[in-house]
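Peer 1: Spelled out, the chains give:
Protein chains: 6
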Amino acid sequence: MSGRRRIVLVQPFRLPEDSEFLTWNVRGEKQELLMNYENLGLGKYLEDVDWDFHPGPLAPYGDWPVENRKEFALVAAARLAIVEELAKSGDYDGIMLLGGGEPGALESREIGREHGVPVTSCATAQFHVAAMVGSKFSVIDLAESHAMYYRNLVRQAGMEQRFASMRLIPYPLGRPGYDDQRNSLPVQKERALAGEKTEAVEAAVDAAESAILEDGAEVITFGCSGTFWLQPFVRAGLKERGWDIPVLEGYSSAFVQLKLLMELGLSASALQFPPDRPDRSRSRIL
Amino acid sequence: MSGRRRIVLVQPFRLPEDSEFLTWNVRGEKQELLMNYENLGLGKYLEDVDWDFHPGPLAPYGDWPVENRKEFALVAAARLAIVEELAKSGDYDGIMLLGGGEPGALESREIGREHGVPVTSCATAQFHVAAMVGSKFSVIDLAESHAMYYRNLVRQAGMEQRFASMRLIPYPLGRPGYDDQRNSLPVQKERALAGEKTEAVEAAVDAAESAILEDGAEVITFGCSGTFWLQPFVRAGLKERGWDIPVLEGYSSAFVQLKLLMELGLSASALQFPPDRPDRSRSRIL
Amino acid sequence: MSGRRRIVLVQPFRLPEDSEFLTWNVRGEKQELLMNYENLGLGKYLEDVDWDFHPGPLAPYGDWPVENRKEFALVAAARLAIVEELAKSGDYDGIMLLGGGEPGALESREIGREHGVPVTSCATAQFHVAAMVGSKFSVIDLAESHAMYYRNLVRQAGMEQRFASMRLIPYPLGRPGYDDQRNSLPVQKERALAGEKTEAVEAAVDAAESAILEDGAEVITFGCSGTFWLQPFVRAGLKERGWDIPVLEGYSSAFVQLKLLMELGLSASALQFPPDRPDRSRSRIL
Amino acid sequence: MSGRRRIVLVQPFRLPEDSEFLTWNVRGEKQELLMNYENLGLGKYLEDVDWDFHPGPLAPYGDWPVENRKEFALVAAARLAIVEELAKSGDYDGIMLLGGGEPGALESREIGREHGVPVTSCATAQFHVAAMVGSKFSVIDLAESHAMYYRNLVRQAGMEQRFASMRLIPYPLGRPGYDDQRNSLPVQKERALAGEKTEAVEAAVDAAESAILEDGAEVITFGCSGTFWLQPFVRAGLKERGWDIPVLEGYSSAFVQLKLLMELGLSASALQFPPDRPDRSRSRIL
Amino acid sequence: MSGRRRIVLVQPFRLPEDSEFLTWNVRGEKQELLMNYENLGLGKYLEDVDWDFHPGPLAPYGDWPVENRKEFALVAAARLAIVEELAKSGDYDGIMLLGGGEPGALESREIGREHGVPVTSCATAQFHVAAMVGSKFSVIDLAESHAMYYRNLVRQAGMEQRFASMRLIPYPLGRPGYDDQRNSLPVQKERALAGEKTEAVEAAVDAAESAILEDGAEVITFGCSGTFWLQPFVRAGLKERGWDIPVLEGYSSAFVQLKLLMELGLSASALQFPPDRPDRSRSRIL
Amino acid sequence: MSGRRRIVLVQPFRLPEDSEFLTWNVRGEKQELLMNYENLGLGKYLEDVDWDFHPGPLAPYGDWPVENRKEFALVAAARLAIVEELAKSGDYDGIMLLGGGEPGALESREIGREHGVPVTSCATAQFHVAAMVGSKFSVIDLAESHAMYYRNLVRQAGMEQRFASMRLIPYPLGRPGYDDQRNSLPVQKERALAGEKTEAVEAAVDAAESAILEDGAEVITFGCSGTFWLQPFVRAGLKERGWDIPVLEGYSSAFVQLKLLMELGLSASALQFPPDRPDRSRSRIL
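Residue numbers (the numbering used here), protein chains in the order written: chain H, 1 to 286; chain G, 287 to 572; chain Y, 573 to 858; chain C, 859 to 1144; chain Z, 1145 to 1430; chain R, 1431 to 1716.
The hints are simulated quantities; they were obtained by calculation from the structure and are not laboratory data. Any given hint could be a false lead.
To be verified - Straight-line Cα separation of at most 20 Å, EDC-like style, residue types lysine to aspartate or glutamate; simulated pairs: (1) C:Lys1097 x Y:Glu686; (2) G:Lys330 x H:Glu114; (3) Y:Lys616 x C:Glu1121; (4) R:Lys1627 x R:Asp1645; (5) G:Lys525 x H:Glu85; (6) R:Lys1474 x Z:Glu1384; (7) Z:Lys1188 x R:Asp1478.
The structure displayed is predicted, hence computed values, not measured ones.
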């Protein structure tokens, strides 16, 4: 359909189908592949665009999800070739990077700008939306290694002034050598979606409330995309405790930011992501 | 139509029809009433919504456009009754405040939050969009009194970290007791739209370029809505000089921000704009 | 008397005499009209000046005290005409705005500057005095809506670097539809002035102590003028607990700041509050 | 006289009477000893107090005026004994430290607080007054060594947010081994006071104008007390060029700040300058 | 030898030996492979350690030097495997990352911390040394794309408070599709080392002087390692113009920082670079 | 020996040998005079240099250790003559100032720069090392008066961005008029070195842990040199509780920083500590 914009969603990585750490669908329709499509109601953000789903590069470091800085760097590099090909192809008006820690986001925006294609991603998108609806936001995240990597994203995004805190819940992602998957977040998610009361939801609501009471948060966001499913639960849990405030997650935030940029015809400033040999050049950068 | 969102645009003020300082349409279809509808191509942002146009309150201080702090305060107060009525009416999914200096924006967001209706406005909207496409933005504005009022908006919006500078062009708005309307911006606008080369456009492009070279701006925005018509001219002028960068103006920015918020179902945090007697209350604010 | 300076104190608003929310004198000598004249010992600051008392505009939004942003904006606008008339009259060397949230303070300073008359107000004055006697100050305030409005004043005043926290005590002002006036602050005040031990004083001392121990406050100030009467009680309560530190309130702070400015012959910088058509104009504002 | 407050002014140092670098009165009435008493019209600030003048300690490092950090440290230490004696004596309600670079000011405030006596000084006082009448101030100063020392005072005073710049004029104070006293500031001062047009005044007005146009200054202040005499000249020079803005100097600023503190009965927070064994102690300092 | 520490220097990348963009030695002794060993006098920093030289990974994106964000990300990922192997091997007490833009530095420090091996790199090391010898530093760099990437390193390193500016000289590195290698920096370097006066040196000294005069730099540093050879020339050039100040470059800075860390037995905090499953975990990150 | 660098360590002050407050050696070999030589293992930092020990000036204010601002100022001034003589002598390549609160450090660096001799000191050195191994550091200190003085050092050093908090343990130094020496730190130290479990160590480990959990510290440092002996105990205590992170103290930090500067041939920037009459001078300081 002529007026409709075409976007592509790119996973940060995919795991081998036989990985013991695989806790999401890797086969089926794109709606089934897009994590939390149902429970986050993502369909409504995608109704008015044509969208494709790209599974992303095979995780280069192993068969478990990305968590520490090294893994993020490897995944970032691996995703760039895909982003570049998609941006170059002319098939898309916008690219949305899946994954909470947005590996390769800055580099992808550099590439996107070169081809006039906006690229959004889950951390930055949440920062921007949060800044629209509150003075300060907090981030709920899981493992410390992930969180310290993510903390850096706030700094890089120039959002220190709007940042209240990160709050961690003790549910690291699966990784070899650790036996604790049975308590892990995907299990809790299944139980919560089935209507059970779970410790993870309780911990996340507690974390959000502490962010409000102690850290000055006015908006709650999420770090690792493995925590995004918590959004409606935390929203409801906070409301029940008397806190009726915005709770964001990365997918919806990045979808709407992408549509905003496409509507304005903007990708990124050539002064933020300069081309290799720009027509004009500054002699001073502040 | 069921799925379409309904928004209303509210002018900051209207002048008596016989004011000598009236330099815009006050009669006709809404498209004619919305300043710069044609030359900024605003129609494309309004295609997918149902929109109404509210002329705003009669300027309470006189028959010239708002420029200094006192005038802004009077206009802000006068607009609030309108905003409240519109927000309460249930007729609208979103409210967009016209006017560059966004009089009453914070108060309107407080009101909007109470009724679950997002309210966007031109300064803040530009700050948010600019933050998405560059590290730092500059603002092109006109009179010093207006500019110092506007400078405060940046501070209030928590955007100091993203602010590069304001750059002034010497074209104050008309006001009684000053004979210089003949050089004023509306005249320059007419000439520029007719294809003439004008001093005002030249001054604005120079200002933008200085902001890039000396102040670290990566994105250009505009202050007073009386300068918004310059946006395509400055965009083109910069491009001609080798600077192919985002140049924003307030109307399109506020339209797309409003759509983003409506799509996410958000107005503002109840912790940023608390109700009169909230269910829960913090004992500490940071 | 020739050498004595003449000042005028302007209330932010007055309520109809039959308002059920009226908890202060509206008839009598100026000393009786000036809230807390006795218990804050304000007389000593006014001995060496000639002073008038202006009751302020009738509250335009209803018959209860100002608390949220909308009410502040309406009151601000309403007070400006009074301030302008007083500033223009030539009858006064200085204007002191009563009311803790200082509605219209920035606009009044713009007006004051135009007429060469300094205008002080309770929030800003406390910020300045607090900055003289400590590195960081905290603010004791009441309702959340008021506090979030007030929080903005700190930002606007360029005092983020000196701000430690706001601490709230749960004593909102009276407003229609809420039955809780019996616990409200004016009742507590009466009892406290009568020598009773009250929950409000206890809560305020606790709040101040928390600000010291947890937030880094070295000086205590007050937000809403409805809390100013607490100053000597908090001062004494802290001292009793071993904290012998400056506790300010807005009236005395604004009186002495006004005298300081009158003595120096200063109102405000014409670069902070520029006239409508200044002799000289900057091309860049940082 | 009972109601009048008693203050004492303390010079930072005195030079031997036979010093070739002595460019001010060291004999006569206190009015003659107080530098710039006449041309800055200091008498009017001292009318309503009883004041004494203390010549300060003999400069311990040599017979020329203090300029670099070492000299400041030596003078600071030497002045403390005097300040302590005066504070302890019970003879004074307030102490005003003369000298632009305010050697020993923080230590003197520590001593003052111990004895309940407020101590003001020229740099800090100007910062506070400047913050009252503008968003940002600049400092006009002379030698680089002095200026870099002074730059630190801004940082120490927690005034980074209000600081625009320092601007230097090339008139270092006299010191042994340099022959350039003939161009030095005292000579220029004499000529300027005699009604001549001088290079130093011109340089200072240029410096102030550059601070306005390039650095964002809204208020002008002075660094070294050797430059204070320039205040009325710079005020007038700026006005002539169309800039009618506050120009401060340290003496009047410190006088009025002292009166403000005495009127409020404040010296400094015991949490900023804690006693040796305080009644209560914090476990955390932020 | 028992007491001597063993370190390894790792290049960010190597180019194929037949690359037309190769402007440095790729064969010979380690002293010949280490860029600028002679003219920067690097030998003296390496005297008291045992050192190895690792050529780094083959540039994965092409046969020209790294310049934009994409290239940096690819190189960063490629170098990590090498760093990990070296850190794990137990053969080294410290690792020094060559290359000005320090690709993979944060990830390498994460890896280094895991194995108790400190890792230093050229940008961060210069920031730290610069902070020791001045309040603010500027960075001389070349291409805009490189510079905007590098600008981010300052932010990431938490050094905004010490950063004055970047100053660019118009000498981009070689890359395919551009014919301008003849003016490029390696050519200028050869001529400069041969004793000729060159435009590049002149441009760099001008840039450094502008940083001093306009941006507040007290120390000069360099960005791209392709500019490090300029260090002695800029040092001398500034001195000739009267500015006798510290001019750093990345190699010596990173060597001495590495020795400092080895001497203290420190790599990095486990709270900055947490292990995958730490013994203890924080619930809040600020 | 030709290649070895010569340094001198200068105590901040010495006490009369009969002082009741003397809790350290004042007779013996330099190794015995250097506080904590044994238990901090300082010997290993001094192996590769030739070092002398200077006892510092006799405390000018009394016979107890320096604690408040006044005492610091007096000691600072007294130490400068020694520093100047040592710097001038040509006998030393570097000077290390002993004492945690580094009295006279800035002035000594000014003197050092004049003679081309780097001067390091314990607070600043810890700040720099801490910044290398973590994003934020906390400081463990003792008396409030000392701590508020020390807090200022952080600000002066331009390290606000890296500062998490100070945490106090209730062990003030001895001073006349207070009987509590029996609980004082030197007693606790003796017991701790003898292998006893002590309250002071426990308090310090608690303080460090609170800094980690509540303040965001990633590195622990110490304030008063009277607390430096706690370093290995706090390091071990934290480790035992699961926090294996860098714990610094001032002596080792200042030794290694001094060696770093000597190796680079740097003292300080002449723009940070300008000479009395510099060859070139800036007209603007930012």
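Peer 1: Does Glu1121 (chain C) sit within 20 Å of Lys616 (chain Y), going by the straight-line distance between their CA atoms?
Peer 2: Roughly 9 Å between the alpha carbons, so the hint for Lys616 (chain Y) and Glu1121 (chain C) holds.
Peer 1: Given the hinted pair Lys1188 (chain Z) and Asp1478 (chain R), is their Cα-Cα distance within 20 Å?
Peer 2: holds (15 Å)
Peer 1: Would you check the hint for Lys1474 (chain R) and Glu1384 (chain Z), treating anything up to 20 Å between C-alpha atoms as holding?
Peer 2: violated (41 Å)
Peer 1: Within 20 Å, alpha carbon to alpha carbon, are Lys1627 (chain R) and Asp1645 (chain R)?
Peer 2: The given pair, whose Cα atoms are some 26 Å apart, is violated under the 20 Å limit.
Peer 1: Measure nothing beyond the straight line between the CA atoms of Lys1097 (chain C) and Glu686 (chain Y); if it is 20 Å or shorter, mark the hint as holding.
Peer 2: holds (15 Å)
Peer 1: Compare the distance between the alpha carbons of Lys330 (chain G) and Glu114 (chain H) with 20 Å, and conclude whether the hinted pair is satisfied.
Peer 2: violated (25 Å)
Peer 1: Is Lys525 (chain G) close enough to Glu85 (chain H), meaning Cα to Cα at most 20 Å?
Peer 2: violated (27 Å)
Checked against the numbered hints given earlier, this structure breaks hints 2, 4, 5, 6; the rest are met.
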